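**Student:** Input sequences plus hints: build the corresponding full structure.
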Amino acid sequence: MSVDRPGGIYNQNYAQEFIMVRTGTQWVFLLLALVILFTLPLYVPGSVLNTVNFIGITLIAVLGLQILFGLTGQISVGQSAFVAVGAYVIAILIRELQFSFWAALPVAIIVTAIIGLIAGLPSLRVKGFYLAMATLAAQVIIPWILANTWTKITGGTTGISIKAISIFGMLLDSEAKLFFLIWLIALFGLYFAVNLRRSRTGRAFIAIRDNELAAEVMGISLYRYKLLAFMICSIYAGVAGALWAAWSRHIAPEQFTLHQSVLWLGMLVVGGMGSNAGAIMGVIFLTLVDDFGKAIAGPLGQLLGMPPGVMAPALGPVLFGSVIIIFLLFEPRGLAHMWAVFKSFYRHNPFSY
Amino acid sequence: MPIVVLVMVLTIVIGCAPAAPTTTPAKPAVSEAQKPKEFVLWATQDLSGPMATGTLPNTAAMNDLVKWVNDNGGIDGVMIRAEIIDTRYESSLALSAYSKIRESVPRPAIYVCGIGRDALALKDRIAEDKIPTIVSSPITDAIWPPSWIFSFSPSWADLTGGYLDWLSNEWAKTGQSRACRLAIFNANMAAAQEMQGAEVLEYVKTKKNIEIVATELYDPKSLDLSSEMLKLSQANPDYMYGYYHPGTGAAAVFKSYSTSPLAGKTKISTVLWGLNSEIAMVVDPKMLEGVKGPHVLPPLLPGKTQVSKGMEWVANLFDANPSNPPQYRGGGYTSAILVFGIALNALEQTVKEVGWAKVDGEAVYRTLENTTRSNIHDIAVWGHSKGTRTSNQYQIMEWKNGVPMPAGEWTTAPDMRPAKFRTAEYGWSSQGWAK
Amino acid sequence: MFDILLQLIVNGLMIGGVYAISAMSLAIIYKATQVFNFAAGEIMTVGMFTAFSLMQFGLPLWISAPIAVAVTVVLGLAMERGIMRRLIGQPIFASVMATFGMLFVLRGLQLIIWKGVQARYEFPLPGENIKIGQIVISNDLTWTFVMAALAVVFVAIFFNRTKVGLGMRASAEQQQLAQARGIPVSWILSVTWMLAAAICGVAGVFVSYRLGVNYEVSSVGLAAFPAVLLGGIESIPGALVGGIIVGLAISLTAGLISPAAATIAPFIILLIVLMFRTEGLFGEERIERI
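Residue numbers (the working numbering), protein chains in the order written: chain W, 1 to 353; chain U, 354 to 788; chain L, 789 to 1078.
Think of the hints as simulated: they come from the structure by calculation, not from any bench.
No experiment lies behind these values; they were computed from the predicted model shown.
Please note that the accuracy of each hint is not assured.
Claimed, not checked - Subject to a maximum C-alpha distance of 25 angstroms in a straight line, what follows is the list of computed DSS-like cross-link-like pairs (lysine-lysine): (1) U:Lys476 with W:Lys152; (2) U:Lys558 with W:Lys152; (3) U:Lys618 with L:Lys919; (4) W:Lys163 with U:Lys773; (5) L:Lys951 with L:Lys819; (6) U:Lys558 with U:Lys476; (7) W:Lys127 with L:Lys819.
**Tutor:** Structure (structure tokens):
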């Protein structure tokens, strides 16, 4: 990936290469951004905060997918099943064994990572959409297991309800309190994802994505790195699941659908595959599109003379599908690329290069 | 990198802007006239998920009912406005819809949650916010331990208990000495697991002449259930009971039944939606003939003639709105009239008692809690015993000549609450299965 | 016991027919373009709803079903010309994601057009339920199976005897070479999608005889994936065999083990295929070069 830096900024040693924030302006923007983000609970209503929280949870799941699919090129249509595993482990530990959230989180992560590793095993034999089929099987089988086996513990198709969790003695019973938990973890996940991309492991992932055989010839262990990618992806899913349980306080197998997994893949497509910024933009953009659909559905339905209540549910899928198709056709590199083009235009203006 | 964060934050900030609370034109509860300009009746429903085919008429019914109320002067002069939000059968959407609802000013005094499972995620929050909530068909966890959730129909377990009561009598009439062999065959969904749950299996032991010989769950999306039926037929059941809804494979159940060894030997019974006229849209009414079961809705028949004065009123309401498509004429429409009817009745009652100025969640809650039996517009009976939040009234219905018809009086269903709530603390009488 | 086993096998064969036609539709598209068509289930429901609406106007089945299939053919053509064609050259993932996009668009549009209707066909299929000893074969499933068999025969003849079919095979094998031999590859791709959509349309009409007219019918499209992988993804006879094996697996699991487990039976098969015989029963092993 070519790096387009502001004029006069060059790397002269390795230490500089590693710097994330380079100029004073960037520092100002970063701090400003963080301040705005973390003061949100002060001035937005809880319903908006609720959406922001869900965006945070989705972002974590999508970042995991981004590492597995965007970086490593291994397609997974089973992400929401892994999120389900994380959510169930944490809910069961909290409800049945009275674990605290912090004690249960590592267990949830470990269990999800193991399940992710198992689901990743076929990736050693098959690739491309054969692999997608393996994850499709996981997407069908995992929720089925949660719904039909050990129903005493999993609550069967009804699912599990938990009380509001508390951390460090504070009960997280409001959107504002959950906001800090979710977004601190989400930002940490983002930091990790950004760093991973620049590391040896990240470069190995990209090599595998670009050409598996070539990567193997160069000495990259496919076995190790593919499984590692699956594991990291499921760790993100596990964390997202744990936060989901804490946020929703009720989980059921039917919530973790193929639809959800595809929606997340769609967010990557719209945002731009292989780019962490893209993941963020995709998540937010599609959430906004959905809200936009809900907002215009009523008037549009009246305009077309539809019976009440039909337009809103129909418009959501139509908008989501069309947005994906439009991006695939006209901007397959996604919003991230559009942003990069804009940045480059802005920097070089009035020169065209 | 900071740019990334910046973009993220900016987009969130921008993103939040259009979603800001535009919901209610905020009118303070206590105006000079002590009356609000309008009252917003909030509801959530699955309009695009698996239940959609049955729930789309809900919205139509809600709007028709609210229009009728307003045309007749509103509730004590206050106009009602109904708002329904789609939750797509996903708790996350229910949660975000609810977080909008709770913020409207004044805080809603009542809220209708269409999907029982959505109510599970909201249970604690509703109690914290003191918003009494009405669900149509409840999942046990939503109503036990009691919270601010009231249910329009008895729980799945209660209805099954009611069915067992009826079956026991029915079997006694045949004069056979052996016990009735009952197979419970359900789609693999939350409702089903309660219809064959521990409480039901325990309750059936008190019925000497019924024996459950098989309990199976099937995939609601199966093309064909012949093989499943074949498995059931090995248990030689006299009756088969389950929740057969268009979304839970009713078509496949009845078609597969007709060619299976069960045909002719085993009688089918079903519950709630299986006894709504909508089923006849996907199942040949000839196959439905004679199917019986407990239900909470009277039928909305075609034409003017109805089973009761109340239903004539519903039929007129339906016909008065020409934009109602003919396929909406059925249980989905009636059930919404009743659910919203309960909500509006409770509201009206509360207004009568305390006046608009003092109407809030707690006042409506008290009204609902004290309503032990009410007749909603002469359409159906709703009520509950002290300490429970679910209705305990049902009626046996039967498919006759292609339409479901009442085949019995309104009856009180047994209270099939989970074992751990059968204590005096929750108003459980020590005499066993209370009515 | 033997009777029961026999009946289970018959049931499995019958519903296997449905999976076989859906699998065939997927296989045809995969063979030509290496794309999995996730929108197949939705194309089925379009065919189903169209046929249903036409019958509402009083047309008999044998007129409305072909019109419905024609509508799905046009839909297939539109998808290919409008979307899939423009994605050639991009990673396969883009095309597959586009089929997902189509899935959502079609689902929403159907809701707008048909407004959540649920119904059944009033028009009865000719014939009676067949009874052989203890075994009962229901009439509409027999018709579904016959249609599946006819579709397979039709496709087989199409691929082996007609010029267009042979051209399709040639261009699936080596597009540039086929082009050099004067085969209109771009037209061939359109024909592929039209054919696959037509098969979906036929499947939609007949499946809904069993399930009734409603949106859930589209879920058949998903269960066809294990069938197509089992058969060997590029093989037409493989799709038939795969579909039937999946049908048998569902039927035997439901009848002998537990109806609840029948849901995942196809996907267990899918996992087994992926683990032990990736190329499926009739597929060819692929060797990759750098």
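**Student:** Compare the structure with each hint and give your call.
**Tutor:** Verification of the supplied hints:
no., hint, verdict
1, U:Lys476 with W:Lys152, "holds (21 angstroms)"
2, U:Lys558 with W:Lys152, "holds (21 angstroms)"
3, U:Lys618 with L:Lys919, "holds (17 angstroms)"
4, W:Lys163 with U:Lys773, "holds (18 angstroms)"
5, L:Lys951 with L:Lys819, "holds (17 angstroms)"
6, U:Lys558 with U:Lys476, "violated (32 angstroms)"
7, W:Lys127 with L:Lys819, "holds (17 angstroms)"
In this structure, the one hint that does not hold is number 6.
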